[in-house]
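Visitor: Chain residues, written in single-letter form:
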Amino acid sequence: MWLLLVASACSGAEAEPTSISLEITSTAPAQPQLEQVPLGSEVTLTVTSDAATQVHVHGYEMVADVTPGEPVELSFVANMSGVYEIETHPDSIIWARLEVG
Amino acid sequence: MIPWHGIGTRDDLPLPFWLVVAGAAAVLIITFWVLAFAWRTPRFVDKSGRVLPRLTRFVDSPWVVRPLRIVVGAVWLIAGAALIAGPDRIDNPVFGFVFVWLWVGLVPVSLLFGQVYRRTNPARVFARLTGLVGKPTSGVKCTRWPAAIAITAFGYLELVQPESTTLPVLRGYAAVWVAWLLVGTLLGSRRWIASADPFEAYASAVAHASCWARNAKGQLMAINPLRNLASWQAPRHLSLLASALLGVTLFDALSATTGWVRWTQNLGVAPQLPGAAGLIASIAVIYLAFRLAALPLRDQGQASGAAADRLAPGLIPLVAGYSLAHYGTLLYLEGQRTAFRMSDPLGVGWNLFGGAEAGPDTTLLAFPTAIATTQVLLIVLGHVVGAMVSHDIALRSSRRVTHQLPLLLLMVAITCLGMLLMFSR
Numbered sequence: 001m002w003l004l005l006v007a008s009a010c011s012g013a014e015a016e017p018t019s020i021s022l023e024i025t026s027t028a029p030a031q032p033q034l035e036q037v038p039l040g041s042e043v044t045l046t047v048t049s050d051a052a053t054q055v056h057v058h059g060y061e062m063v064a065d066v067t068p069g070e071p072v073e074l075s076f077v078a079n080m081s082g083v084y085e086i087e088t089h090p091d092s093i094i095w096a097r098l099e100v101g
Numbered sequence: 001m002i003p004w005h006g007i008g009t010r011d012d013l014p015l016p017f018w019l020v021v022a023g024a025a026a027v028l029i030i031t032f033w034v035l036a037f038a039w040r041t042p043r044f045v046d047k048s049g050r051v052l053p054r055l056t057r058f059v060d061s062p063w064v065v066r067p068l069r070i071v072v073g074a075v076w077l078i079a080g081a082a083l084i085a086g087p088d089r090i091d092n093p094v095f096g097f098v099f100v101w102l103w104v105g106l107v108p109v110s111l112l113f114g115q116v117y118r119r120t121n122p123a124r125v126f127a128r129l130t131g132l133v134g135k136p137t138s139g140v141k142c143t144r145w146p147a148a149i150a151i152t153a154f155g156y157l158e159l160v161q162p163e164s165t166t167l168p169v170l171r172g173y174a175a176v177w178v179a180w181l182l183v184g185t186l187l188g189s190r191r192w193i194a195s196a197d198p199f200e201a202y203a204s205a206v207a208h209a210s211c212w213a214r215n216a217k218g219q220l221m222a223i224n225p226l227r228n229l230a231s232w233q234a235p236r237h238l239s240l241l242a243s244a245l246l247g248v249t250l251f252d253a254l255s256a257t258t259g260w261v262r263w264t265q266n267l268g269v270a271p272q273l274p275g276a277a278g279l280i281a282s283i284a285v286i287y288l289a290f291r292l293a294a295l296p297l298r299d300q301g302q303a304s305g306a307a308a309d310r311l312a313p314g315l316i317p318l319v320a321g322y323s324l325a326h327y328g329t330l331l332y333l334e335g336q337r338t339a340f341r342m343s344d345p346l347g348v349g350w351n352l353f354g355g356a357e358a359g360p361d362t363t364l365l366a367f368p369t370a371i372a373t374t375q376v377l378l379i380v381l382g383h384v385v386g387a388m389v390s391h392d393i394a395l396r397s398s399r400r401v402t403h404q405l406p407l408l409l410l411m412v413a414i415t416c417l418g419m420l421l422m423f424s425r
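Protein sequences appear in the order of chains A and B. Under the working numbering, the first residue of the first sequence is numbered 1, with each subsequent residue one higher. Under the working numbering, the first residue of the second sequence is numbered 1, with each subsequent residue one higher.
This is chain B alone, in the form it adopts within the complex (with noise of 0.2 angstroms):
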């Protein structure tokens, strides 16, 4: 017996032994060049960049928006149908879309595109279509609590629930989230969505990574990704969010080992037990760490889990880079085979967009070696990216490099934890 992890008919080669070696140095050596000899103050404070009105007046045009919001809330009404209508197998749409374009696809197009998810959440634009409630808050400081415990009940349905392929089981978790998201803008505001989707949060936060930013005024900006992460006012609870989403990462790795899947079945119980400990246990040490690694970099007064938060935005590239690693493969093969079944979302012989009969490009495929280096070099360009956000916020509280070396040992504990659970078998 093998625990069902992910949609995948295939899993990536275990990491050559050497490229471990070689990505592990790398992290340890860069990670010591940020730590002592790179820049002494602070760099990335301002939220500055190259001012672009021109783009903007077309991004914010009514003739990008409108069509932009009809193709991607089409995509959902397809999507939902094939939940609703839908045959109940593994060739249902649904579920590529859920957890691949989905929980996948939002980190590469966040990165690329900016807070493109914000603009096309289904749930904005049915809030603004019903007119649910009064005008967005805009520009306030709001909390991710909520969203972390989203993720964490998402991690939950991809990792540990049985059965989370079938129809039934989708059909609930969906009619939560729904349930989640309306009582809480109902009750509140449209600020909600921000605090407790979990894809827009995890979607906005990585689009703090990308090269696109708006300034005080509303305008875009072209920025430095290292600048838009570290001047980031980051939201409370923020160290919540990233610690979730990186419990959920490693504990898909960990979970899919030999050595775990053997000592879930020796202990005798349901294996949903040790599954959902193992998921919450990932998510609080990861939690935890990081609030004992700020607690040097307090200001004056500070509670420590503000700190935590501040300092949060360095987690989001580590994130980032091992989502596209560990789920590169996945996203590129069954994201097309999710395209293709999109054709026929209720399986009753539609060719929509002329896919149904199609088989997806397996080139990639074709070299492993690549694979595998590209897999490393995203996980240490994440790494790296994180180690210098993390060191600019960090400078602001304290100049004494002994302050941040937790901080930055545990990074390079993480990653190098992500990298060893990709070379195990």
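For reference, chain A alone in the conformation it holds in the complex (with noise of 0.2 angstroms):
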């Protein structure tokens, strides 16, 4: 069991940056978009949206505020292994998982 911890502990610490874009649009989406970061990446989550609403990541308890023709950036270390998922509010819509491990 140590050896997976300091296994999975040491591959964490060398990944790359991700950068994620997501567009918010009028229609919600068939299928939330699926997207891989590895563990311990710094994540720069860009949004767009063509109305005013409100982008969650779960997990990770991110919120901002989106208007239209403004896109807004998030930044965060990616280190909680696990699927989380990027919501608008109050609409409840599931726009993307984040897969993070």
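Derived from the structure by calculation, the hints contain no laboratory data. Please read all numbers here as calculations on a predicted model, not as lab measurements. We put the beta carbon where it would ideally sit given N, CA and C, even for glycine. Certain hints may be false.
Partial chain B-side listing against chain A, Cβ under 7 angstroms, derived [claimed, not checked]: (1) 12; (2) 178; (3) 364.
From chain B, some residues computed to sit far from chain A (all C-beta separations above 10 angstroms) [unchecked claim]: (4) 10; (5) 350; (6) 368.
With the hints as a guide, dock the two chains, each given alone in a separate frame, to form the complex.
Guide: Take a look at the structure:
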């Protein structure tokens, strides 16, 4: 077990930065876009929207208001493994799933 | 649109394929070994172990029982206050209390400490304080079908009910639960609580997989968990309760797969309909398959339902292993968040226990391979204990290996299905 812990800790430390862009449109996606992020990577999420909304990255609890025509940048270090939804409020539409690991 | 599943803000990564293959291989090999090469005469018939008189005196002394009941009762009161008067937001601690502390937490607590839920069940404390009914009836065999119905209802609340993390919905279900316990206890006896309280029935079944039991004189014993389960004089309809628990956990994983989500969206009906149908079908399929698999293991003249109930303790480790594997990280992360939120149950800016401003520890989440490996190990361990217990109980009716084969193959199928559902996206 300790070997596994050490092995996964090491692989996390060398992760490359990731940039993700997300476009919020007037129609909900048929399927949320899947984004794979290496553990430990510094993530830059750029969100554009054609209507005023609020975007929420679950788990990392990043929340930002987006206004039309003005891209918003969210940055965080993906140091928790798992699958996290990116959702808009208050319409509760899931736009993307971040797969960190 | 993704249906709500769990109060969690994250899901675990899908299990890596090689781990699922390794886990399935281990399950097959060990099951085959138990069937063909392990012991051939029942070994765990008697409930016996090392009697611990000093520990019994300590655990049963009012100086231990009373503070324990007061602390647990206080937590229930805080959660109740949050349910009645708290804010209708996800940071209200009552949601984490019900779906994480209670539903998930009772499994490790019962495995580690035995029948502690029964000792501190607020329904029992309430009945005792108010003198609601006469003496508690102990040692009487009773049934578990009311608890199986209540578990199914809880599964519906958790997995199907829209808006289940809003206060009006949770208040409605809590009111039905209180009425269910109160009316049954008033009409019958305190035995109804053991039969009908979904949380006590679940916890006390899992406690039979712990290393604690009591002998006929009521003294605590340290006991081999295999013996604890296999020597359990199982109550009637335990097979229905175990099927409900397995069905709810498997449906949780099934309803989160993209295949299920797409299929239900294309039906063009309210999502509660396929949800309820899927939940009940999961439970019914497991129950019927288990009844069939128990058929060759009937004693002379025994009803098939009675044979299934006698073998049902073998399913409890599957339930416990799968619950820990599937909800372990939820308990870790949301369990901490719930503890912090308990500091301000009414959402008015209190900081009762100094946790209101704290953030959860997330160290474990930096080790996804260790998490996945532990998940598969827990599922395999639950299966192995379950297979051994079933083998021992089955030997009491028939020494022929072929008579056990359907039962053990069914358990292999359930375990592998559980792992596959945690592998698929």
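Visitor: Look at each hint and say if it fits the structure.
Guide: Now the hints, each set against the structure:
1. Below 7 angstroms, beta-carbon pairs count as interface contacts, and residue 12 (chain B) has one with chain A at about 6 angstroms; its hint therefore holds.
2. Violation of the interface hint for residue 178 (chain B) is found here, the shortest Cβ-Cβ separation to chain A being roughly 30 angstroms, above the 7 angstroms cut-off.
3. With a cut of 7 angstroms, the hint placing residue 364 (chain B) at the interface with chain A is violated, because the nearest CB-to-CB distance is about 9 angstroms.
4. Non-interface call for residue 10 (chain B) relative to chain A: violated, since the shortest CB-CB distance, roughly 4 angstroms, does not exceed 10 angstroms.
5. Distance check for residue 350 (chain B) against chain A: the nearest CB is about 22 angstroms away, which clears 10 angstroms, and the non-interface claim stands.
6. Look at residue 368 (chain B): its CB is around 4 angstroms from the nearest CB on chain A, not clear of 10 angstroms, so calling it non-interface is violated.
In summary, the structure is inconsistent with hints 2, 3, 4 and 6 from the numbered list given earlier, while agreeing with the others.
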